[in-house]
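J.: Sequence:
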Amino acid sequence: MEPDAARDIAVTDRAFFHILQLAGFTGGTENLMKLGEMNWPDIRDLDKERLVAVYPIASFEQHGLHLPLLTDTIQLDAMVESMDGKIGDRIVCLPTQWLGYSFHHMRFGGSLTARSQTHIRMLVETVDGLIGAGFDKVLVINGHGGNSADLRVALQELKETHAETRVYGASWWGVAAPALDAIREAGPNGSGHAGETETSMMLTLRPDLVQTDRLHPDGGWPPSVYAGRVEHFRRIDEHSSRGNFGDPTVATADKGQRMLDATVNSLVEIVDDILGERL
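Going by the working numbering, the letters in the sequence shown line up with residues 1 to 279, in that order.
Treat each hint with caution, since some may be false.
Here are the simulated lysine to aspartate or glutamate pairs, EDC-like style, with alpha carbons at most 20 Å apart [unchecked claim]:
#  : residue 1 : residue 2
1  : Lys-48    : Glu-37
2  : Lys-34    : Glu-49
3  : Lys-48    : Asp-272
4  : Lys-86    : Asp-272
5  : Lys-34    : Asp-45
6  : Lys-48    : Asp-273
7  : Lys-48    : Glu-164
8  : Lys-86    : Glu-269
9  : Lys-34    : Asp-89
10 : Lys-34    : Glu-81
11 : Lys-48    : Asp-89
12 : Lys-86    : Asp-47
13 : Lys-48    : Asp-136
14 : Lys-34    : Asp-47
15 : Lys-159   : Asp-136
16 : Lys-86    : Asp-261
17 : Lys-86    : Asp-273
18 : Lys-86    : Glu-49
19 : Lys-159   : Glu-277
20 : Lys-34    : Asp-136
21 : Lys-48    : Glu-277
22 : Lys-48    : Glu-269
Treat the hints as calculated values from the structure; they're not laboratory data.
Construct all of the structure, not just a fragment, from the sequences and the given hints.
T.: Structure follows, in structure tokens:
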């Protein structure tokens, strides 16, 4: 979808499912209260005051030599499914949007990306559709670091056009950072991309897709003390020869399960805080 075409979409109740289709969704889990499996009277009749609409966004990009292209999407699907097991009466979910902003991975074959302008339109107009269908509390759960900048812009734009609607964005690794840090063993630079955290989670979720004979530490930040304080957009191939950043060699399935549990607990607390008007 080109940016100009996206801007031409009229966001109305009738356009709701059309927008979901254009947004590039793929299948989700079997037990969720899924908008994609409902009809329009079902959606109309939902008690939206007691619900948070959950919109998961991920990516389709390389994850080093050892993890699959859908790593972010697989992880986020599992997190949302686990949320449903805990608070299924409080959330209604879109399928995970697998196309994100991944320009910085495009020199590694197989990665797919939307342009930033297109991605922002996808985010804004999908949430527009949710709001048009009557949802006034929306939580965008982000499963890919490259989406973060676009998500911030989308949240700003949505506030400008829907001043009274509560739209939130949460990157799972950020909201669960204290708990994840307590589990990790590779240090502060061990989990950037396809490192300890993601590899551990995939060893739990899809061990059949983890090529354990290809685990190598890779990547590193520039030596300047200002490296983390100065904005400079880099491609991942500029600081990683294999496509991962961090140390996957210390990953274990046990740590992966604990990381997933900690992350889901944080996301559940966020939903409860939204419904309780504490956030």
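J.: Evaluate each hint against the coordinates.
T.: How the hints compare with the structure:
1. With a C-alpha separation of about 17 Å, the suggested pairing of Lys-48 with Glu-37 holds against the 20 Å cut-off.
2. Between Lys-34 and Glu-49, the direct Cα distance comes to roughly 17 Å. Compliance with the 20 Å bound is thereby established for this hinted pair.
3. For a cut-off of 20 Å, the pair hint linking Lys-48 to Asp-272 stands: about 14 Å separates their Cα positions.
4. Straight-line distance between C-alpha atoms of Lys-86 and Asp-272 comes to about 11 Å, which keeps the hinted pair within the 20 Å bound.
5. Among the hinted pairs, Lys-34 with Asp-45 is consistent with the structure: their alpha-carbon atoms are about 14 Å apart, no more than 20 Å.
6. Our distance criterion of 20 Å between C-alpha atoms is met by Lys-48 and Asp-273, whose separation comes to about 16 Å.
7. A distance of roughly 15 Å separates the Cα atoms of Lys-48 and Glu-164; the hinted pair therefore holds under the 20 Å criterion.
8. Taking the CA atoms of Lys-86 and Glu-269, the gap is near 11 Å; set against the 20 Å cutoff, the hint holds.
9. For the hint linking Lys-34 to Asp-89, the alpha-carbon distance of about 12 Å falls within 20 Å, and the restraint holds.
10. Distance hint between Lys-34 and Glu-81 is fulfilled; the C-alpha atoms sit about 11 Å from each other, no more than 20 Å.
11. Taking the CA atoms of Lys-48 and Asp-89, the gap is near 11 Å; set against the 20 Å cutoff, the hint holds.
12. Among the hinted pairs, Lys-86 with Asp-47 is consistent with the structure: their alpha-carbon atoms are about 19 Å apart, no more than 20 Å.
13. Pair hint Lys-48 plus Asp-136 holds up; C-alpha atoms about 8 Å apart against a cutoff of 20 Å.
14. In summary, the hint linking Lys-34 to Asp-47 is supported, as the alpha carbons are separated by about 15 Å, within the 20 Å threshold.
15. Note on Lys-159 and Asp-136: the hinted pairing holds, with a Cα-Cα distance of about 12 Å set against a maximum of 20 Å.
16. Proposed proximity of Lys-86 and Asp-261 is supported: the alpha carbons are some 11 Å apart, at most 20 Å.
17. At roughly 15 Å between alpha-carbon atoms, Lys-86 and Asp-273 fall within 20 Å of each other, so this suggested pair holds.
18. Simply put, Lys-86 and Glu-49 have alpha-carbon atoms about 19 Å apart, close enough for the 20 Å limit, and the pair holds.
19. For the hint linking Lys-159 to Glu-277, the alpha-carbon distance of about 17 Å falls within 20 Å, and the restraint holds.
20. Taking the CA atoms of Lys-34 and Asp-136, the gap is about 17 Å. The hint holds against a cut of 20 Å.
21. Annotation: proposed proximity of Lys-48 to Glu-277 holds, straight-line Cα distance about 15 Å (limit 20 Å).
22. For the proposed pair Lys-48 and Glu-269, the alpha carbon gap of about 19 Å is at most 20 Å, so the pair holds.
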